[in-house]
Every structure is written in C-alpha cells, then in structure tokens.
Amino acid sequence: MPAPALEVKALRKQYGRRTAVADLTLSVAQGEVFGFLGPNGAGKTTSMKMLLGLVRPTAGGGQLLGAPLGQPRARQRIGYLPEHFAFHEWLRGRELLRFHGRLLGLQGDALSRDVEGLLRRVELAEAGERCLREYSKGMRQRIGLAQALLGAPQLVFLDEPTSGLDPLGRLLVRDVIRELKARGTTVFLNSHLLSEVEVTCDRVAFVRDGRVVREMSLGLAERDLEVELRVDRVPPGLVTGLASFGRDVREDGACLRLRVEDETTLPALSRWLAGQGVGLYHLAARRRSLEEIFLEVIG
Amino acid sequence: MRAALVIARMTLAEARRRRILAAALALGGAFVALFAVGLHFIARDVRAHATPTQQGFAFAYVVLAALYAANFLIVMTSVLVTIDTLSGEIGSGVIETLCTKPVSRWSVALGKWLGCWAILALYAAVLCGGVLAVARLVAGYTPPQPWRGLPLLLLEGTVLLTLALAGGTRLSTLANGVTVFGLYGLAFIGGWMEQIGTLTGNAASRYLGIGASLLVPSESLWQLAAYLMQPPLVRDAGMGPFSPHSVPSPAMVVWALAYVAVTLALALASFRSRDL
Chain X
25 MPAPALEVKA
35 LRKQYGRRTA
45 VADLTLSVAQ
55 GEVFGFLGPN
65 GAGKTTSMKM
75 LLGLVRPTAG
85 GGQLLGAPLG
95 QPRARQRIGY
105 LPEHFAFHEW
115 LRGRELLRFH
125 GRLLGLQGDA
135 LSRDVEGLLR
145 RVELAEAGER
155 CLREYSKGMR
165 QRIGLAQALL
175 GAPQLVFLDE
185 PTSGLDPLGR
195 LLVRDVIREL
205 KARGTTVFLN
215 SHLLSEVEVT
225 CDRVAFVRDG
235 RVVREMSLGL
245 AERDLEVELR
255 VDRVPPGLVT
265 GLASFGRDVR
275 EDGACLRLRV
285 EDETTLPALS
295 RWLAGQGVGL
305 YHLAARRRSL
315 EEIFLEVIG
Chain S
2 MRAALVIARM
12 TLAEARRRRI
22 LAAALALGGA
32 FVALFAVGLH
42 FIARDVRAHA
52 TPTQQGFAFA
62 YVVLAALYAA
72 NFLIVMTSVL
82 VTIDTLSGEI
92 GSGVIETLCT
102 KPVSRWSVAL
112 GKWLGCWAIL
122 ALYAAVLCGG
132 VLAVARLVAG
142 YTPPQPWRGL
152 PLLLLEGTVL
162 LTLALAGGTR
172 LSTLANGVTV
182 FGLYGLAFIG
192 GWMEQIGTLT
202 GNAASRYLGI
212 GASLLVPSES
222 LWQLAAYLMQ
232 PPLVRDAGMG
242 PFSPHSVPSP
252 AMVVWALAYV
262 AVTLALALAS
272 FRSRDL
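Residue numbers (the working numbering), protein chains in the order written: chain X, 25 to 323; chain S, 2 to 277.
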C-alpha cells in the first residue's frame with residue numbers, strides 16, 4: 025500500500041490563550057481528492073498553513089509526501105492556491121508564472137512549455153501579456169490556479185478555488201480537479217461550496233473548533249437513504265417496529281422519517297406496513313445531500 | 002542561493018517596473034546637475050577673487066556639502082526602498098505563495114536584501130560619482146581619499162537598509178519606518194552629542210554619543226567619511242560643520258560591518274521563524 029500523500033497527528037496551534045487548531049489528525053491517500061470542510065473560524069486555513077509550512081505548529085507533526093512538515097524538499101512537489109491569491113500586481117500574467125516556475129527550479133524550454141500550457145488550460149493565453157492589475161477577479165483566481173499547477177505537483181492545496189468565479193469558471197476548476205485526479209494527483213480542497221465538494225471529492229473531513237469531528241467517504245455506500253412515509257394512522261408500536269428497518273425513526277408532523285442503509289429495504293418496509301394494517305399514502309427515499317450532513321455534523 | 006538570486010532579480014525588476022529606479026535616478030541626475038550649475042558659478046567667483054589656498058577651502062567645503070546632502074538622500078533611499086519589501090508582502094499575502102515554493106525562508110529574505118542593496122549601490126554611485134565628476138570637471142577639485150570615504154557612505158546606507166529589512170520581518174510597514182528613522186535619529190543626535198562633548202570636554206556627553214553610535218553606527222560612518230574626504234588643513238582647522246572634533250576610530254568600520262552581518266543574520270532567522 026503506498027504511503028499517504030499527507031499524514032498528520034495531533035497538530036495543534038495556539039496563539040497565546042486562543043486555540044486556533046486543537047487537534048488535527050488526518051491522513052490523505054495518494055491520488056485522493058479530499059475535502060476539508062467546516063464553518064468560518066473552524067481553523068481550516070490555519071490547518072492548511074501548518075501543512076504547507078507557513079505556520080509553525082505548537083505541537084504535533086506529520087509528513088507531506090514523505091518529508092517532515094515544513095521541509096523545502098516536500099514543497100518541490102506541491103502546489104498551493106490561497107483563498108485570497110495575492111501577487112505582484114505590476115507583473116504580467118506570463119511573467120508571474122515564469123517567476124514562480126523559476127522558484128520551483130524550472131528553466132529553459134521546460135519552463136516555457138509549462139507556462140504556456142497552463143495559460144491555455146486556464147484560458148488566459150491571450151491575456152498573458154496583460155498586467156495583472158488589469159485582471160478581473162475571476163482571471164486573478166485562474167492565474168492563481170495556474171500558478172498552483174506549475175511543475176506538475178503531486179499534491180495540490182486549493183483554498184476556496186472557486187471564490188469569485190462565474191459558473192463557467194467554476195466548471196473549469198471542477199474539470200481541472202478531475203484532470204488532476206485522473207493523473208493521480210492528490211488534491212486537498214477547502215471550499216464552502218458544498219455542491220462543488222460533493223461532485224469533486226472522494227472523501228471529506230468536517231472540522232469544528234479546531235478538530236476533525238467526522239471523516240467520511242462520499243461514495244454512495246457511505247451515505248444513508250432518508251425515507252419519508254405518510255400513513256393514515258400511527259398505531260402504538262409502529263415507531264418501534266420501524267426501527268428494525270433502519271435508525272433515527274422520528275415523527276415529523278404528518279410524516280414519519282427514518283434512515284435505511286439502501287434501497288433493498290424499501291419493499292420489505294412497505295409489506296410490513298401493510299401487514300400492520302396501516303394505509304401507506306407516500307413513500308419516498310433519497311440520499312442526503314452533503315449540506316444536510318454538514319448541518320447535522322456542524323450545526 | 003539560486004532562489005535568493007531569483008528574488009533579488011525580482012526586487013530589481015519591481016523597482017524598475019514601478020518606476021522607483023527611474024524616479025531615483027532622474028532626481029539623482031537632477032541633484033548632480035543642480036550641483037554642477039551651482040558649482041560653476043561659485044568656481045567662477047572664487048577663481049576671480051580668492052587665493053589658491055582659499056579656493057581649496059571653498060571647493061572642499063562645497064563638495065563636502067554636496068556629499069552631505071547625497072549622504073542624507075542615500076540614508077532616506079536605503080530605508081524607503083527596503084521598508085515595505087518584506088512587511089508589505091507579508092501584509093498583502095504575496096509572500097505565502099513564494100514561501101510554499103521549495104525555497105528556504107532565509108533565501109527569500111536574503112534575495113530581498115540583495116535586490117535592495119543593488120538599488121542602493123546604484124543610487125549611491127550615481128549621486129556620489131556625479132558629485133565627484135562634477136567637482137573634477139567644473140572646479141578641478143577632487144577630495145582626498147574618495148576611495149576610502151565613499152564606501153563608508155554606502156556602508157552607512159547598508160546599516161539602515163539591513164535594519165529596515167530586519168524590522169520588516171516583524172513590524173508593519175509604518176511601524177518599521179517609524180522605528181528605523183527613530184533609530185537613525187538617535188544615532189544622528191548621538192553623533193552631535195559626541196562632537197559637542199569632545200569640543201567642550203564634557204565626557205558624559207561624549208560617551209552618550211559613542212553609545213548611540215554603537216547602537217546604530219550610521220552617523221559615525223558619515224563623520225569618518227567626512228574626516229577622510231577633507232584636506233588635512235581644513236579638517237585640522239576644525240572650522241566647518243563637517244570637521245569632526247571626535248574622529249571615529251577605524252574600529253567603527255569593523256563594528257559596522259559586524260553590525261550588518263549580525264543584523265542580517267537576525268533578520269533571516271526572524272523571518273524564518275515567524276508565522277505567515
């Protein structure tokens with residue numbers, strides 16, 4: 025089994041008496057697209073900065089692509105797009121990429137090929153000679169994304185990559201993430217747009233008060249079905265009986281709700297209700313959205 | 002070191018693209034041109050009415066006054082060019098993507114220092130070289146030992162540049178500016194205290210001045226440069242404002258060089274250990 029792209033244990037950051045990150049323990053497999061979710065102030069950005077070596081942990085440690093956190097050696101193979109990508113505004117788009125490429129050790133034809141390819145990929149080839157201060161917010165975000173992809177990194181950190189982008193720009197980011205995944209690149213994604221996370225990530229971690237409170241895969245098997253029933257009456261013992269089909273059975277106004285593992289439970293459930301002499305008017309099952317899970321975990 | 006050179010080149014490119022270099026060089030050129038015109042008229046009068054000895058006094062005084070002004074501009078430029086280079090990029094977040102590249106933090110800070118120092122050296126060369134060239138061409142005068150005096154002016158700028166870089170690793174741009182100019186002010190008034198203390202035989206005042214010079218050795222470097230670049234007759238007469246009564250020891254140069262090295266090392270360590 026290959027070593028994880030990223031593995032940290034009990035990472036902690038304390039600013040005086042304030043705890044920004046209490047206990048960050050997680051592991052991200054190589055080639056995985058990992059979503060890092062949490063409300064504002066949960067410590068996501070500080071956590072990401074500790075992983076990148078921008079902020080020194082107060083305690084704990086870990087490894088990034090096999091090297092201890094904070095080592096320049098590991099940074100050779102990572103890319104980073106900060107939430108608010110700031111740059112030297114007096115540079116031209118192409119110059120910015122060439123400058124960052126040189127810091128990565130790229131030069132000559134390899135640098136030119138990488139820069140031109142990325143400018144085309146983020147649809148800024150024609151704006152490459154324009155000064156960055158003339159770029160729109162979306163263009164800035166896209167040039168920032170190109171900067172993060174220089175040197176074909178093995179691990180890419182994206183902090184709110186769709187911030188400021190229109191629907192087409194968001195689609196571009198989504199496509200880029202899919203391409204990265206297809207290449208086997210690990211992506212560590214921090215985003216508030218849960219619908220984006222839902223369609224791009226393999227796995228997510230929820231962070232609250234500076235610690236990971238839940239990790240889950242976004243594969244269908246990992247997500248319960250929410251079943252909604254409307255019946256003509258609720259005789260004594262019905263709720264208890266429903267609990268044998270699933271969990272979290274509750275009365276919600278005129279409806280009964282419960283969670284079941286998969287769809288194969290539903291025929292048996294409807295037969296059992298008929299056997300109880302209960303008239304069934306409505307039965308609907310759906311997967312819970314990431315937003316609902318987020319609210320349940322964080323809310 | 003490769004990364005430091007990339008950052009230094011970037012710092013130079015920034016100064017060029019943001020017209021810092023153009024403004025400094027254009028106004029430096031204007032400074033030299035104004036000095037040339039002024040010296041031309043002074044030289045015409047002096048040659049008509051003064052003895053050769055008096056001419057020597059007059060030219061030495063005027064050229065040193067120009068170098069004093071150049072020294073002041075070098076001090077200002079060394080601080081202004083450097084003051085925002087790290088703190089500005091830390092404040093704006095630009096530094097984050099640089100420091101997540103496979104480069105050491107120290108090489109980022111060293112690259113900034115090298116870039117700013119190159120700008121300072123170019124500026125000092127234009128100003129001081131211009132003053133010396135004009136003095137030679139217009140008045141036929143060259144101050145003594147310019148090869149020893151002028152590097153001291155550059156060293157003085159380097160001291161303040163390094164302090165500004167060190168401050169920028171922890172302070173905001175404005176706080177850094179106030180701090181570095183405040184330290185320069187301490188050295189400046191300390192230099193005067195030392196001179197007045199020596200002149201009046203007041204040991205306390207003299208030692209106070211020496212203490213300030215050790216804290217920030219900028220003013221004493223100017224005093225030593227001014228001493229070296231005056232004709233012996235002028236400086237020994239002690240008549241002008243540029244004739245020091247207490248000549249800084251050559252050990253002060255060693256102290257200033259060590260001061261730059263230690264301050265730079267502290268700046269690199271401070272930048273390396275801070276959170277971004």
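Quick caveat, the hints were computed from the structure, so don't treat them as lab data. Ideal Cβ positions, reconstructed from N, Cα and C, are used throughout, including at glycine. One or more of the hints may lead you astray.
To be verified - Chain X is nowhere near these chain S residues, computed Cβ spacing over 10 Å in every case:
1. Gly-30
2. Pro-152
3. Tyr-208
4. Leu-234
Stated by the list, open to error - Pairwise CB distance ranges, derived in the manner of DEER restraints:
5. X:Glu-113 - S:Leu-26: 14 to 24 Å
6. S:Gly-183 - X:Glu-147: 43 to 53 Å
7. S:Gly-94 - X:Ala-278: 50 to 60 Å
8. S:Ala-259 - X:Asp-190: 27 to 37 Å
What the hints assert, rightly or not - Stretch by stretch, here's where chain X covers chain S in the computed footprint (C-beta under 8 Å, at least three residues):
9. 99-110
10. 166-176
11. 266-277
Evaluation of the provided hints:
Once the 10 Å rule is applied to beta carbons, S:Gly-30 is consistent with being away from chain X; the minimum gap is 23 Å. For S:Pro-152, the condition that its CB be more than 10 Å from all CB atoms of chain X holds, with the nearest at approximately 32 Å. Every beta carbon of chain X lies more than 10 Å from that of S:Tyr-208, the smallest distance being close to 40 Å; the non-interface claim holds. Every C-beta of chain X lies more than 10 Å from that of S:Leu-234, the closest at about 52 Å, which supports listing it as non-interface.
The beta-carbon spacing between X:Glu-113 and S:Leu-26, approximately 23 Å, falls within the hinted interval of 14 to 24 Å. Distance hint check: the CB atoms of S:Gly-183 and X:Glu-147 are about 50 Å apart, consistent with the given range 43 to 53 Å. Under the hint 50 to 60 Å, the C-beta atoms of S:Gly-94 and X:Ala-278, about 53 Å apart, fit the expected range. Checking the proposed 27 to 37 Å range against S:Ala-259 and X:Asp-190 shows it is violated: the Cβ atoms sit about 57 Å from each other.
Only residues whose beta carbon comes within less than 8 Å of a beta carbon in chain X count, and the region 99-110 of chain S has 7; three or more means the coverage holds. For the region 166-176 of chain S, the assignment as covered by chain X is violated, since 0 residues bring a beta-carbon within under 8 Å of that chain's beta-carbons and 3 are needed. Given a C-beta distance limit of less than 8 Å, the hint that chain X covers the region 266-277 of chain S holds, as 3 residues qualify and 3 suffice.
Violation of the numbered hints given earlier is confined to hints 8, 10; the remaining hints are satisfied by the structure.
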